[in-house]
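Q: Listed here are the chains, written in short residue letters.
2 protein chains.
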Amino acid sequence: MAKLTTRTEDYSKWYNELVVKANLAENSKVRGSMVIKPYGYAIWEKLQAELDKRFKETGHQNAYFPLFVPKSLFEAEEKNAEGFAKECAVVTHYRLKNDPDNKGKLIVDPDAKLEEELIVRPTSEAIIWSTYKNWIQSYRDLPILINQWANVVRWEMRTRLFLRTAEFLWQEGHTAHETKQEAIAEAQQMQDVYADVVENFMAIPVVKGRKSDSERFAGADDTYTIEALMQDGKALQAGTSHFLGQNFAKAFDVKFTSKEGKQEYVWATSWGVSTRLMGALIMTHSDDLGLVLPPKLAPIQVVVVPIYKTDEQLEEIRKVVDTFSSELKAKGVSIKFDDDSQTKPGWKFAEYELKGVPVRVAIGPKDLEKGHVEVARRDTLEKQFITLDNVAVEIEKLLEDIQINLFERAKNFRDNHITEVSTFEEFKTVLEEKGGFLSALWDGTEETEEAIKDATKATIRCIPQAFEIPTEGVDVFSGKPAKYRVLYAKAY
Amino acid sequence: MAKLTTRTEDYSKWYNELVVKANLAENSKVRGSMVIKPYGYAIWEKLQAELDKRFKETGHQNAYFPLFVPKSLFEAEEKNAEGFAKECAVVTHYRLKNDPDNKGKLIVDPDAKLEEELIVRPTSEAIIWSTYKNWIQSYRDLPILINQWANVVRWEMRTRLFLRTAEFLWQEGHTAHETKQEAIAEAQQMQDVYADVVENFMAIPVVKGRKSDSERFAGADDTYTIEALMQDGKALQAGTSHFLGQNFAKAFDVKFTSKEGKQEYVWATSWGVSTRLMGALIMTHSDDLGLVLPPKLAPIQVVVVPIYKTDEQLEEIRKVVDTFSSELKAKGVSIKFDDDSQTKPGWKFAEYELKGVPVRVAIGPKDLEKGHVEVARRDTLEKQFITLDNVAVEIEKLLEDIQINLFERAKNFRDNHITEVSTFEEFKTVLEEKGGFLSALWDGTEETEEAIKDATKATIRCIPQAFEIPTEGVDVFSGKPAKYRVLYAKAY
Numbered sequence: 001m002a003k004l005t006t007r008t009e010d011y012s013k014w015y016n017e018l019v020v021k022a023n024l025a026e027n028s029k030v031r032g033s034m035v036i037k038p039y040g041y042a043i044w045e046k047l048q049a050e051l052d053k054r055f056k057e058t059g060h061q062n063a064y065f066p067l068f069v070p071k072s073l074f075e076a077e078e079k080n081a082e083g084f085a086k087e088c089a090v091v092t093h094y095r096l097k098n099d100p101d102n103k104g105k106l107i108v109d110p111d112a113k114l115e116e117e118l119i120v121r122p123t124s125e126a127i128i129w130s131t132y133k134n135w136i137q138s139y140r141d142l143p144i145l146i147n148q149w150a151n152v153v154r155w156e157m158r159t160r161l162f163l164r165t166a167e168f169l170w171q172e173g174h175t176a177h178e179t180k181q182e183a184i185a186e187a188q189q190m191q192d193v194y195a196d197v198v199e200n201f202m203a204i205p206v207v208k209g210r211k212s213d214s215e216r217f218a219g220a221d222d223t224y225t226i227e228a229l230m231q232d233g234k235a236l237q238a239g240t241s242h243f244l245g246q247n248f249a250k251a252f253d254v255k256f257t258s259k260e261g262k263q264e265y266v267w268a269t270s271w272g273v274s275t276r277l278m279g280a281l282i283m284t285h286s287d288d289l290g291l292v293l294p295p296k297l298a299p300i301q302v303v304v305v306p307i308y309k310t311d312e313q314l315e316e317i318r319k320v321v322d323t324f325s326s327e328l329k330a331k332g333v334s335i336k337f338d339d340d341s342q343t344k345p346g347w348k349f350a351e352y353e354l355k356g357v358p359v360r361v362a363i364g365p366k367d368l369e370k371g372h373v374e375v376a377r378r379d380t381l382e383k384q385f386i387t388l389d390n391v392a393v394e395i396e397k398l399l400e401d402i403q404i405n406l407f408e409r410a411k412n413f414r415d416n417h418i419t420e421v422s423t424f425e426e427f428k429t430v431l432e433e434k435g436g437f438l439s440a441l442w443d444g445t446e447e448t449e450e451a452i453k454d455a456t457k458a459t460i461r462c463i464p465q466a467f468e469i470p471t472e473g474v475d476v477f478s479g480k481p482a483k484y485r486v487l488y489a490k491a492y
Numbered sequence: 001m002a003k004l005t006t007r008t009e010d011y012s013k014w015y016n017e018l019v020v021k022a023n024l025a026e027n028s029k030v031r032g033s034m035v036i037k038p039y040g041y042a043i044w045e046k047l048q049a050e051l052d053k054r055f056k057e058t059g060h061q062n063a064y065f066p067l068f069v070p071k072s073l074f075e076a077e078e079k080n081a082e083g084f085a086k087e088c089a090v091v092t093h094y095r096l097k098n099d100p101d102n103k104g105k106l107i108v109d110p111d112a113k114l115e116e117e118l119i120v121r122p123t124s125e126a127i128i129w130s131t132y133k134n135w136i137q138s139y140r141d142l143p144i145l146i147n148q149w150a151n152v153v154r155w156e157m158r159t160r161l162f163l164r165t166a167e168f169l170w171q172e173g174h175t176a177h178e179t180k181q182e183a184i185a186e187a188q189q190m191q192d193v194y195a196d197v198v199e200n201f202m203a204i205p206v207v208k209g210r211k212s213d214s215e216r217f218a219g220a221d222d223t224y225t226i227e228a229l230m231q232d233g234k235a236l237q238a239g240t241s242h243f244l245g246q247n248f249a250k251a252f253d254v255k256f257t258s259k260e261g262k263q264e265y266v267w268a269t270s271w272g273v274s275t276r277l278m279g280a281l282i283m284t285h286s287d288d289l290g291l292v293l294p295p296k297l298a299p300i301q302v303v304v305v306p307i308y309k310t311d312e313q314l315e316e317i318r319k320v321v322d323t324f325s326s327e328l329k330a331k332g333v334s335i336k337f338d339d340d341s342q343t344k345p346g347w348k349f350a351e352y353e354l355k356g357v358p359v360r361v362a363i364g365p366k367d368l369e370k371g372h373v374e375v376a377r378r379d380t381l382e383k384q385f386i387t388l389d390n391v392a393v394e395i396e397k398l399l400e401d402i403q404i405n406l407f408e409r410a411k412n413f414r415d416n417h418i419t420e421v422s423t424f425e426e427f428k429t430v431l432e433e434k435g436g437f438l439s440a441l442w443d444g445t446e447e448t449e450e451a452i453k454d455a456t457k458a459t460i461r462c463i464p465q466a467f468e469i470p471t472e473g474v475d476v477f478s479g480k481p482a483k484y485r486v487l488y489a490k491a492y
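Order-wise, the sequence lines are chains A and B. Following the UniProt record's numbering, the numbering of the first sequence begins with 1 at its first residue and continues without gaps. Following the UniProt record's numbering, the numbering of the second sequence begins with 1 at its first residue and continues without gaps.
Treat the hints with care, since some could be wrong.
[Unchecked claim] List of simulated lysine-lysine pairs, DSBU-like, C-alpha gap at most 30 Å:
hint	chain 1	residue 1	chain 2	residue 2
1	B	LYS259	B	LYS21
2	B	LYS21	A	LYS79
3	B	LYS250	A	LYS3
4	A	LYS103	B	LYS250
[To be verified] If you want the ones that stay clear, here's a sample from chain B, every Cβ over 12 Å from chain A, calculated:
hint	residue
5	LYS13
6	GLU374
7	GLU394
Calculated from the structure, these hints are not laboratory results. Every residue, glycine too, gets a C-beta built ideally from N, C-alpha and C.
Looking at chain A on its own, in the form it has when it is part of the complex (with noise of 0.2 Å):
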C-alpha cells in the first residue's frame, strides 16, 4: 500500500488521498458531485442517528418536501432567490426521445419543455413557507418544529469531497413561531445542539457566534454559527442555524390569528448541518496515516489481528478472543476479528491504521503464552499489553480516553491557534505565519471586511458569544472606533 502525501508536503493532497484511500467517498462521472463509499455512509449514518435523537428530545419531527421548487416560489423571496440563484440545477423538460439521427442515442423532447422551470432544491424555506402557509391559521397551530434528511443542490464551481460537492446530503430543520423572543430562542438552542453533538460526539471543538451582515445566510435576519478549526490553520463553518424573522412569512403571506385576535406574521427559523462535517472530522484528527476517528463516531471501534503460522495457533488465538469479545460486545463495542489469511499483519496493521480504527489487538502465540495482548491505539500510537482478563475492562476505558484525548487535542490546538493581534501589521504576519483564527476589533462596517478580505482571503467567521459585549478601541484596519471583537481566518 503507497503510503499517503503527508500534511507538510501538500496538506490539500493528502486530504483528497485519505478521503479516497480510507474508502470515505470519491468522486463520481457527475461534475462536482461525489459517490460515498459504505465506510464514509457508515460514519455519516452514525452522526446522523445521533443528531437525529437531539432534534427529536427537542421536540421535532422529521417530515418530507419535494425536491423540486417551482421558479415562481423560489422567486418570492427576493434576497433568498438572489442568494441561490446563481448556483441552480434547472430542469426545463420532463421526457427524452430517441435521436432521429443518432440511433441508440436519446435527446431531450423539445415538445415536453415545461411551463415553468423546476429548481432543485439548494435549500427548502421556499417550498416548505409555501406549504405552511396552508398549515397555519391560528396560534394554536404554532410551533410547527420539522426537521428533513435530504439531497440539495448547489452548482459550485470548484469542489472538494465532502467540504464543497454540487450535491450534498444534509438535513434541514424548519420552524415556524408566534413571536420572534420564540424563533430566536429556537434557533440558538439548535446552534446549541450542533454545538454540543460536534465537541461531544465528533470531537471537535468549536466557537458559537453569529455571522456578520455579509456572511449572514440569504433571507435571515441572524445566523448563528458554530465554527472549527482545522489542522492546516483554516477555518472550517461546521453548522449553522438562522433566525429567519418574518421574512418568508411574508413572502409567503402566512399569517395567524394571535391569542388576542390579531392576524399577525409567523417568525421563522431554519438550520442545518450536512455532509461537510466529515471533512471537518477528518480535518481535525487525522494524521500522515490516514484517518483518526472517536470513538463514538467509529463503525468499528476495535479491530483484532491474530499472528499465527499454523491453523492451530488461529483457532487457539480464536477461543481466548472470543471471551472478551463477547464481552466488549455486551459493553456495546464494535469489535471485528480479521482472520483473513489473504493479508499478512503488517498490511492490516497499516490498513487499520488508514481506516482510523480507535484500537487495535495484537495476539500472537507468545502473547498467549505471557497471558496478554497488545493493545495500540490509534490516535496516540502509543502501545501497551494488558492481561487477559483485564482486556474487556481497559479497552472500554482506553475508548472512552481515546474519545476525550482527541477532543482536548484539538481544543489546545485550537486555543493556541487564537491569536489577539492590534494592528493590520500584525494581522497579516500571523495569518501568514501561523494561520488560525485572529481576534481582531472591527468597526461593524462591510467596507472593512471586504477590504481585509481583498487584501488578505480572510473572512470573519464570527462574533463569538463570547465577545458580544460593547466593546474600546480601534477597528484593526480602518482604525475606526470598534463595534465589536470578532475572530477572522481563512476558511473552508
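Following the hints, put chain B in place on chain A, whose structure we already have.
A: The following block gives chain B in isolation, referenced to the frame of chain A:
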C-alpha cells in the same frame, strides 16, 4: 370533524381523504410531488428502520450515489434507457439570472446551458454500474452488496398520493456477483426479505412470483415480485427484485478476472421498495373511520384518554395511568396520555380512530371506583374492561393479537379473492363482479397478455412461485396450449 367518504360510496375518494385527514401526506405545489407529513413520515421511518436492519443482517451496506445521471451514461443500457426515457426530469441549465424585463423575477440564464444534460435519476443502475466499473477488477472484489436510501423522479402523468408520485422515496439495492447462480440467489433472497417484512411487520399478505416479460423491469432478465391485494379487489405491486443478468456489466464494460484467470462479465441484481408501500398499508387495513395501523408500525401504539370534570379527577387518573404507562414503556410500547383540555373525549376518540392508533384506553372517575379501564381495539372496534393491575400485561397481549388479526383478516380476504377461472367469460364476470386475483392458464405469449389487457384492463401480476411447474390445459383466452398458471388482476 367531518366524516370520511365511505369505501362503498367512492373507494378512491375515501383513500385520498384518509391520507390527507390522517395527516399522512398531501399534494404539494409541484405537479405530482407530495409532502409527506410528520405522522406519515414517522410510519415510513419505522418501516425504513426494519428494512434497513434486514438488509444489514443479510450482509448489505449503505452508500450514496449521485442524484444526476449524465445522458450518455443513462442511455448506455438501451432497454433500461428506453423504459425510463419517457418519464425523465432533465436538468439543462445550472444558473438563473435576473429577468431584465421584470424586476424581482428570475429567468434561466441561457449562458449557463450544460454541455451534457443531466437526468434526475428514475433509478440508479446506470450511475452505479459506471462506478462499479472502477471498483471491480478481480473475483476478490466480489460480491458487492450495496443499498441506497434515496429519492427518485419519474414523470408520471396521473399521480396519486403515495401510490404514484413524480418524486418518491425508496431504497434501491445494487449488487454484483461472480456467477449467475449467486446473482439469482441474491435476487430471490431479497424478494424473501421483502415478503417477510411486508407480511410480518406491515401485516400485508403477499403472493411471491415472477413477472412476465412485458411487466419486467427495463433492463432485467427476470423480475421477482411480491403482489398484494387491496380491499377494492385491485392488486398492488409491493416490491420487486431483479436479476439483471450481465446487461449492465456489458453496457458499462464491467469485467473481472475469475479464479481461473479468465476475464468475465459481472452478474447483477437490483431491488427496491418505496413509499408506495404506505399506500398498500392504508388500503389493506383501513376502514371508514380512518387508518388502521398494525402495532409494529404504529408511531403511537396506545393512547390514553382521561374522562374528567375537575382537575382533582384528572390528577387521580394521571396517577393510575402513570403506573401502567411506565410498565408499558419498559416493555417498549409507545404510549401517549392525551390530557389536552381543549378537546373533548369524543373528539379525541374519533381523532385516534382516524389516525389508526391500535389501542385506546379510556378512564374516568367511575372506572377508578371500579378499579378498571375501558380498552378499545382499533381493528375490530371491540371494547372490554381490564382491571387496573392487569393493564400492562393485557395490552401487550392485545397488541400482539391485533398484529396477528390484521394479517389473518387481510389473508382471508386475499384468499377469498383468488378465483380460478377456466373460460374467458368466467374471467370477465369474476373480474367485474368480484375483482381480486384470477388464477388462469396462460399460453406464455405477449399477444394474449396484451389482448386480455385491452379487453379487461387486467394484467398478469405474476407467475406465482407455487405455480412454477409445467402445466396442462389451454390458455383461458387464446385456447392454445398453456405454459403457466398465472394470476391476473387489475392493478394500482
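Q: For each hint, tell me whether it holds in the structure or not.
A: Checked hints:
1. Restraint check for B/LYS259 and B/LYS21: not satisfied, since their Cα atoms lie roughly 59 Å apart, outside the 30 Å limit.
2. Straight-line distance between C-alpha atoms of B/LYS21 and A/LYS79 comes to about 35 Å, which puts the hinted pair past the 30 Å bound.
3. Among the hinted pairs, B/LYS250 with A/LYS3 is inconsistent with the structure: their alpha-carbon atoms are about 35 Å apart, more than 30 Å.
4. Between the alpha carbons of A/LYS103 and B/LYS250 the distance comes to roughly 18 Å, so the proposed pair stays at or under 30 Å and holds.
5. No beta-carbon of chain A is positioned within 12 Å of the beta-carbon of B/LYS13; the least distance is around 20 Å.
6. With a least CB separation of 29 Å from chain A, B/GLU374 remains clear of the 12 Å interface cut-off, as annotated.
7. In this structure B/GLU394 is separated from chain A by more than 12 Å, as the shortest Cβ-Cβ distance comes to about 29 Å.
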